[in-house]
Structure formats: structure tokens, C-alpha cells
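A.B. asks: Sequence:
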Amino acid sequence: MLLDRQTRHLILSYHFAPNAGLLNGKMGGVVFFGQYAKHTGKAYFREYAEELLDEVFDMVHENIPINFVDGLCGIGWGVEYLIQNALMEGDSDDVLEEIDKKIIERDPLYIEDLSLHTGLRGILMYITARLNAVRSESDYAPFPGEYLERIQKRIALIPMADYENEPALKDAVKLFEKSIAGHTGSTPAAPTITDEFFGVSPENFKNLNYSPIGIYQGLTGVAFKLIRS
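First residue of the sequence shown? That's 5 in our numbering, and the numbers climb one at a time after it.
In case anyone wonders, no lab produced these hints; they're calculated from the structure. Wrong hints could be hidden among the right ones.
What the hints assert, rightly or not - Beta-carbon label-pair distances, calculated as ranges:
#1 Gly45 - His19: 39 to 45 Å
#2 Leu6 - Gly45: 18 to 24 Å
#3 Asp199 - Val138: 22 to 28 Å
#4 Lys42 - Thr198: 15 to 21 Å
#5 Glu59 - Asp199: 24 to 30 Å
#6 Lys229 - Lys178: 23 to 29 Å
#7 Asp166 - Thr44: 37 to 43 Å
#8 Val138 - Glu51: 21 to 27 Å
As the list claims (entries may be wrong) - Simulated pairs of lysine-lysine, BS3-like, Cα-Cα distance not exceeding 27 Å:
#9 Lys210 - Lys182
#10 Lys105 - Lys157
#11 Lys106 - Lys210
#12 Lys174 - Lys157
#13 Lys174 - Lys106
#14 Lys174 - Lys105
#15 Lys174 - Lys210
#16 Lys210 - Lys46
#17 Lys229 - Lys46
#18 Lys42 - Lys174
#19 Lys106 - Lys42
#20 Lys178 - Lys210
#21 Lys182 - Lys105
#22 Lys106 - Lys182
#23 Lys157 - Lys42
#24 Lys178 - Lys105
#25 Lys157 - Lys182
Using N, Cα and C, we set each Cβ at its ideal position, and we do this for glycine too.
Using the sequences and the accompanying hints, generate a full structural model.
C.D. replies: What follows is the structure, encoded as C-alpha cells:
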């Protein structure tokens, strides 16, 4: 079975992934095997995901970018995905405190790139997930109010044409604004993995040794689609 072959290959490969990030690197393996443990009911896969997560944080360093594709926003979003979807247990406020501090060092008013992978939308994805985190201390604020205000000011500068060209940007802004407003009593939705994360499947994905292993345009993305079908 293709999925079984892929998961065996990924288990052997992810420990050697040179990138810590979500879409092209090791954090993608953490998220996949956390989900696969639920899919199969086998605790082994969750334990493997936890091993990989330790390796991810060992790889986080001062020079890692803050972006979503390979950087801190994607790693942090992955942690929130796992916890909010009950795939792992933990206190994300404790785990992600240092990442939160690094994110706010970048002034959002000067971010020109609006994309998911390397721009404002990826940052919005992370911030929204953090604002929606399940926490015992309801008054805990992962980001200072001044930072969130600057995000809102940057959003106000986005031309309408950009929303028309990229509908997902509009959705990300709506979710962020709803989180800022405090949900008005409703339970926020947990982070979800969309088809956009996967990109185009590698043409030769059945030849495992010649395909990238990541979520984006890689074997992990193919495996994700198989367990969702």
C-alpha cells in the first residue's frame, strides 16, 4: 500500500531533515505523525512525532527566519495545531514564549510581502492561532496590545485589489479580526491544514528516493491527502 510505504520512508528520513520548518522541514513530520497517530490509533507514531519535536526545538537558533514556510511562524503554528486538535498535550504559552518574543521584533508596518509562505499572511496565521490557544489563564496575552494595533494598521493599508487576487488573504484577516474581538462568546475553530499547504504533488512521488519529503510539494503532503481521503 502506497501510504504504508510512504510512512516507512518518512520515518527513516525525517531525523535527517536539515530544515526545522513546517512546510519543507522537520516540523512537517511532527504534524503529520501526530495526525497519523490519531488516524491509526497507534501510540508509536505520536511518540515518534514527540521525538521529532524535540529535534525541531534543538534546531531553532537566532538566525532562523520568522516566516511560515521554513521559520518560526510555521513551527509555532504547528505546535498550536497539535495542541488545539488534541494530537498532543502541552502548554503552548510556555513552549512558544520565546517564539512570540522573536515575532514581535519585526515591525508589521514594514512588511510588503503578503504571502502565506514568507509574508504577512503567514504571520497572521500564527498570531491568530496563538490568540485562540486553549489556556488556563484566560487573561494571558501572548502579544502586547501595541503590536496587535500595528498589525491592524498594516491590514488597513492593504489595497482591495490584493484581496480580490488572493481570497485566502481576506479569510486570514477575518479570522485575525475575530480573534482580536474576543470571539463574542463563541468557541474559536482549531487551526486546519488546507490544500494550499500541499502545493502540487511531486510528479514521481511513487519513487520515494527521488522526491522531497516535506508537506509542500513533497511526500508528506501526498500522505496527508491520502489519510484525509
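A.B. asks: Does the structure keep lysine 106 and lysine 182 at a Cα separation of 27 Å or less?
C.D. replies: The hint holds at about 24 Å.
A.B. asks: Under the criterion that the straight-line Cα-Cα distance not exceed 27 Å, is the pair lysine 174, lysine 157 satisfied?
C.D. replies: At roughly 15 Å apart (the allowed maximum being 27 Å), lysine 157 and lysine 174 satisfy the hint.
A.B. asks: Taking 27 Å as the top limit, are the C-alpha atoms of lysine 178 and lysine 105 close enough?
C.D. replies: holds (24 Å)
A.B. asks: Within 24 to 30 Å or not, the Cβ separation of glutamate 59 and aspartate 199?
C.D. replies: The hint (24 to 30 Å, Cβ to Cβ) holds, given that glutamate 59 and aspartate 199 are roughly 27 Å apart.
A.B. asks: Between the beta carbons of valine 138 and glutamate 51, is the distance compatible with 21 to 27 Å?
C.D. replies: Between valine 138 and glutamate 51, where Cβ atoms are some 22 Å apart, the hint holds.
A.B. asks: Mind checking the alpha carbons of lysine 178 and lysine 210 for me, to see if they're no more than 27 Å apart?
C.D. replies: violated (39 Å)
A.B. asks: Quick one: are lysine 229 and lysine 178 within 23 to 29 Å, going by C-beta?
C.D. replies: holds (26 Å)
A.B. asks: For the pair leucine 6 and glycine 45, does the Cβ-Cβ distance stay inside 18 to 24 Å?
C.D. replies: The hint (18 to 24 Å, Cβ to Cβ) holds, given that leucine 6 and glycine 45 are roughly 20 Å apart.
A.B. asks: Quickly compare the C-alpha distance for lysine 157 and lysine 42 to 27 Å and report which way the hint goes.
C.D. replies: Violated - the C-alpha atoms of lysine 42 and lysine 157 are around 40 Å apart, more than 27 Å.
A.B. asks: Next pair to validate is lysine 105 with lysine 157; report whether the Cα-Cα distance is within 27 Å.
C.D. replies: The hint holds at about 20 Å.
A.B. asks: Going straight from one Cα to the other, do lysine 182 and lysine 105 come out at no more than 27 Å?
C.D. replies: Within the cut-off at roughly 23 Å; holds.
A.B. asks: Is it true that the CA of lysine 174 sits at most 27 Å from the CA of lysine 210?
C.D. replies: Not OK: lysine 174 and lysine 210 at ~36 Å, beyond 27 Å, violated.
The structure fails hints 1, 9, 11, 15, 18, 19, 20 and 23 (numbered hints given earlier, in ascending order).
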